[in-house]
Amino acid sequence: MLRFILTRASLLIPTFLGVTLLTFLLIRLVPGDPIEVRVGERGISPERLAQFRHELGLDQPLWKQFLDYIGGVLSGDLGTSLVTHNPVLQEFLTLFPATIELAFMAMLFASVVGLPAGIVAAVKRGSWFDHGVMGLSLTGYSMPIFWWGLLLILLFSVNLGWTPVSGRLDLLYYVEPVTGFMLIDTLLVGEYGAFWSALEHLILPTVVLGTIPLAVVARMTRSAMLEVLGEDYIRTARAKGLNSRRVVGLHALRNALIPVVTVIGLQVGTLLGGAILTETIFSWPGVGKWLIESINRRDYPALQGGVLLIASTVMAVNLLVDLLYGVLNPRIRHAR
Amino acid sequence: MKRILMGAGLGMVAALALAAPANAAKTLVYCSEGSPENFNPSLNTTGTSHDVSLPVYNNLVEFDRGTTKVIPALAESWTVSDDGLVYTFALRKGVKFHAVGDFKPTRDFTADDVIFSFERQWKKENPFHKVSGGAYDYFADMSMPDLLKSIEKVDDHTVRFTLNKVEAPFIANLAMPFASIMSAEYADAMLKKNTPEKVDQTPVGTGPFQFVAYQKDAVIRYKAFEQYWGGRQPLDNLVFAITPDAAVRYAKLKAGECHVASYPNPADIPAMKSDPAVTVMEQEGLNVGYVAFNVSKKPFDDVRVRRAVSMAVDKKTIVDAVYQGAGKPAKNPIPPTMWSYNDKVEDYPYDVEKAKKLLADAGLANGFEIDLWAMPVQRPYNPNAKRMAEMIQADLAKVGIKATIKQFEWGEYRKRLQAGEHQFGMLGWTGDNGDPDNFLYTLLGCEAARVGGNNIAKWCNDEFNGLITEAKRTTDQAARTKLYEQAQVIFKEETPWLPMAHSVVYMALSPKVVGYKMDPFGLHPFAGVDMKQ
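Residue numbers (full-length UniProt numbering), protein chains in the order written: chain U, 1 to 336; chain H, 1 to 533.
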């Protein structure tokens with residue numbers, strides 16, 4: 001087991017380097033450096049431009065800038081934002097809990113709704129329920145996030161007034177961040193009204209961000225279940241006289257879960273990507289919105305650091321998924 | 001771990017407003033469009049960042065609410081020496097600074113605070129000069145380092161600024177956000193604690209509201225400053241709810257989650273106007289979008305060709321199509337909200353036949369080819385330069401001019417225009433200090449016509465330049481107005497630009513908001529604003 005983890009972890013090193021290099025180069029390929037973007041049409045004198053470029057190290061050759069950056073990263077220094085002048089890591093850590101909270105709830109929503117829907121659709125293959133689930137999931141998968149979000153806001157927040165339009169918490173409450181997770185922080189201070197408010201604010205963004213993963217999970221569960229349900233051992237189990245719930249719930253589901261878990265793991269990347277749009281619509285103070293702003297302002301350190309940290313998160317989750325396989329199916333345990 | 005419940009009425013948000021008692025605190029929620037870079041206006045160049053400093057700070061002089069007129073603020077009065085070089089400010093007494101966090105001011109506002117606020121930006125040896133990046137773009141752009149000779153404290157309540165040359169717009173510069181007055185005592189305290197950057201993140205000023213908290217990318221909170229020298233505000237709390245999407249800001253306004261929303265989508269304006277839950281305000285922005293004729297190159301060295309092109313372009317149709325209601329056709333180089341705007345000037349009419357005749361007079365009856373440069377980006381004064389260029393191209397084809405549209409990356413684009421590589425180039429400007437000098441001298445003066453200068457028409461007219469230079473050296477505003485009005489007449493005759501439009505800025509408000517005045521600089525000030533309960 002340990003050996004497996006170590007092997008996998010060692011594979012992460014080239015991935016890290018690749019991500020860092022790619023981000024580093026891509027943002028520099030975008031025309032306009034941070035200083036020129038800042039000054040706009042009023043322009044800047046060549047002397048001042050040279051002075052600022054020098055201070056930021058932008059006058060160094062690219063390879064040297066990259067080596068300096070990597071050197072910093074290895075010693076745990078992701079640099080400071082060119083815009084706010086705060087350490088990048090500190091900014092990221094302030095905003096990341098909001099993104100995790102949202103992504104976690106979206107995944108939870110996708111799994112809690114998607115798994116049963118997929119299972120029932122598989123068991124009742126060909127029924128109206130099956131067709132309904134498949135049709136809806138195809139619709140959900142093709143839904144443009146921005147449009148979907150605005151539609152839900154107009155219906156539920158503006159017309160019906162059931163949910164708040166955007167933000168994380170009613171402005172009546174001011175909760176000093178401790179963990180950064182609003183659901184936890186509001187409970188820590190014992191303010192249940194704030195907790196409910198945070199929950200209410202989560203509903204729409206969760207649904208919007210969770211829609212695509214929900215569609216994927218439902219479809220994947222259905223097809224995996226269908227495959228497993230056709231296996232000999234299921235027939236055997238049924239022949240033994242086990243009740244249908246036990247056959248489906250225990251024997252079939254456990255084996256069908258492997259591809260589903262893989263998909264859920266892969267969806268984490270999609271979720272973090274979708275979070276960028278969802279956060280913008282719902283004014284959600286997470287890293288997605290922050291990254292978009294960093295691109296617009298050519299905030300090189302913030303963007304590089306942010307992408308690196310998000311990539312690490314995705315890699316970590318996928319490593320975790322690999323480990324989960326062993327739990328689900330002892331035959332794929334990695335220890336040798 | 002501390003929870004502050006901000007008074008029962010703080011949530012003027014829909015549900016709670018109903019339950020709020022009659023004497024509840026008044027809270028105005030402003031749905032703003034983005035996050036500030038920090039809370040120090042001298043470091044920033046964007047309106048979004050300047051907006052968040054406005055409630056906190058005062059300047060020596062300020063713009064009268066809703067106008068570009070300069071009025072006394074922290075300086076009760078000032079005198080200018082006869083040679084126009086020495087400005088002496090009598091400072092207001094008994095002005096208190098905010099107490100924020102563990103900082104408690106021990107003294108009132110004095111000359112030391114003025115000197116600190118300017119020396120931080122000016123003097124490299126000031127311990128704060130390099131703090132938070134130390135890029136004082138506006139201080140540099142307004143030529144303050146060249147202009148300032150000295151700033152001296154005469155006594156605790158008198159400050160003397162001496163200039164190197166006469167510059168009438170100087171007083172307007174002092175009303176700009178970069179010239180906000182900060183607390184020298186607070187700065188010292190933070191320096192001693194080795195956290196100088198806190199000065200820029202947790203602001204302490206003398207303004208109508210004091211800073212309470214900022215949750216990054218989410219919410220900024222202020223409360224009324226009880227000891228404000230200008231009198232306590234009618235509002236108790238001011239909250240900025242950062243909401244980047246315009247459609248969502250509109251939804252929040254409708255749902256009662258905010259009371260003022262910035263930058264509505266132009267496409268939503270008609271719906272907003274018919275919506276009883278929304279009041280729409282509009283005003284021409286302090287900007288101009290134009291296409292400059294490069295007069296240093298053929299064929300635009302001939303004024304007849306410039307006039308012909310001005311007549312060949314159907315400005316109104318183009319502005320309607322490109323700005324979609326959020327723009328008004330421009331005839332002068334300065335916007336109508338600016339003092340000295342000459343409304344008597346008449347624009348060239350759209351007249352294809354006359355344009356053809358003028359071209360024939362210039363010996364160009366058989367048509368010719370030009371390049372037409374269009375910005376690659378959306379700007380406040382021009383939402384769609386490419387579309388505008390295509391429409392101008394089509395109009396010019398009707399008089400036999402074949403225009404080829406050229407685009408470059410934004411930084412490169414500006415550099416090449418300033419170098420004068422174009423024939424016919426599109427650009428624009430947003431005003432800084434509300435002074436006509438900021439448009440006319442900066443964009444059309446002879447000094448700026450050099451290669452690399454902001455005068456991209458490369459137009460240098462002695463008569464025009466004489467007028468605007470004299471206006472710069474005259475401190476009497478009535479006399480300056482006359483000079484600028486005359487300059488606009490020459491501009492129209494010589495027509496170095498084809499002025500296209502002044503964009504219109506909209507604001508969406510709840511009918512509960514009372515006394516909001518649109519700011520000609522495009523900022524969002526809340527001093528003096530009230531709410532109906």
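Be aware that a few hints might be false.
Said to hold, decoys possible - Partial selection, computed: residues in chain U whose CB lies under 8 angstroms from chain H: (1) LEU29; (2) GLY32; (3) GLU36; (4) GLY40; (5) VAL83; (6) GLN90; (7) THR280; (8) PRO285.
Said to hold, decoys possible - Okay, derived cross-link-like pairs now, SDA-like style, lysine to any residue, Cα gap no bigger than 25 angstroms in a straight line: (9) H:LYS316 to H:ALA326; (10) H:LYS406 to U:LEU58; (11) H:LYS130 to U:LEU29; (12) H:LYS149 to U:ARG28; (13) H:LYS130 to U:LEU26; (14) H:LYS357 to H:GLN393; (15) H:LYS273 to U:GLU55; (16) H:LYS512 to U:VAL158; (17) H:LYS415 to U:GLY40; (18) H:LYS415 to U:VAL158; (19) H:LYS331 to U:ARG48; (20) H:LYS165 to H:THR88; (21) H:LYS130 to U:SER45; (22) H:LYS402 to H:ALA326; (23) H:LYS124 to U:ARG28; (24) H:LYS123 to U:HIS54; (25) H:LYS415 to H:GLN393; (26) H:LYS216 to U:THR80; (27) H:LYS415 to U:LEU26; (28) H:LYS130 to H:GLY47; (29) H:LYS386 to U:ARG42; (30) H:LYS165 to U:PHE4; (31) H:LYS406 to U:ASP59; (32) H:LYS130 to U:GLU55; (33) H:LYS124 to U:VAL19; (34) H:LYS415 to U:LEU29.
Claimed, not checked - Facing chain U, a subset of chain H residues (Cβ under 10 angstroms, in silico): (35) ALA224; (36) TYR228; (37) ARG304.
Derived by calculation from the structure, the hints in this document are not laboratory data.
Where is the CB? At the ideal position from N, CA and C, for every residue including glycine.
Results for each hint:
1. LEU29: 11 angstroms, violated
2. GLY32: With a minimum Cβ separation of about 5 angstroms from chain H (threshold 8 angstroms), the hint on GLY32 (chain U) holds.
3. GLU36: 4 angstroms, holds
4. GLY40: 7 angstroms, holds
5. VAL83: 5 angstroms, holds
6. GLN90: 10 angstroms, violated
7. THR280: 5 angstroms, holds
8. PRO285: Status holds, d = 4 angstroms.
9. H:LYS316 to H:ALA326: 12 angstroms, holds
10. H:LYS406 to U:LEU58: It is violated: about 29 angstroms lies between the C-alpha atoms, which goes past 25 angstroms.
11. H:LYS130 to U:LEU29: Roughly 29 angstroms between the alpha carbons, so the hint for LYS130 (chain H) and LEU29 (chain U) is violated.
12. H:LYS149 to U:ARG28: Measuring from Cα to Cα gives roughly 40 angstroms; hence the hint is violated.
13. H:LYS130 to U:LEU26: 30 angstroms, violated
14. H:LYS357 to H:GLN393: The given pair, whose Cα atoms are some 19 angstroms apart, holds under the 25 angstroms limit.
15. H:LYS273 to U:GLU55: 49 angstroms, violated
16. H:LYS512 to U:VAL158: 18 angstroms, holds
17. H:LYS415 to U:GLY40: Distance ~11 angstroms between LYS415 (chain H) and GLY40 (chain U) Cα, so the pair holds.
18. H:LYS415 to U:VAL158: 47 angstroms, violated
19. H:LYS331 to U:ARG48: 35 angstroms, violated
20. H:LYS165 to H:THR88: 16 angstroms, holds
21. H:LYS130 to U:SER45: 19 angstroms, holds
22. H:LYS402 to H:ALA326: 29 angstroms, violated
23. H:LYS124 to U:ARG28: The hint is violated at about 30 angstroms.
24. H:LYS123 to U:HIS54: Given pair LYS123 (chain H), HIS54 (chain U) holds - Cα atoms ~20 angstroms apart, limit 25 angstroms.
25. H:LYS415 to H:GLN393: 23 angstroms, holds
26. H:LYS216 to U:THR80: 16 angstroms, holds
27. H:LYS415 to U:LEU26: 23 angstroms, holds
28. H:LYS130 to H:GLY47: 23 angstroms, holds
29. H:LYS386 to U:ARG42: 21 angstroms, holds
30. H:LYS165 to U:PHE4: 75 angstroms, violated
31. H:LYS406 to U:ASP59: 29 angstroms, violated
32. H:LYS130 to U:GLU55: 11 angstroms, holds
33. H:LYS124 to U:VAL19: 39 angstroms, violated
34. H:LYS415 to U:LEU29: Between LYS415 (chain H) and LEU29 (chain U) the Cα gap is close to 18 angstroms, so the pair holds against 25 angstroms.
35. ALA224: 16 angstroms, violated
36. TYR228: 23 angstroms, violated
37. ARG304: 30 angstroms, violated
Checked against the numbered hints given earlier, this structure breaks hints 1, 6, 10, 11, 12, 13, 15, 18, 19, 22, 23, 30, 31, 33, 35, 36 and 37; the rest are met.
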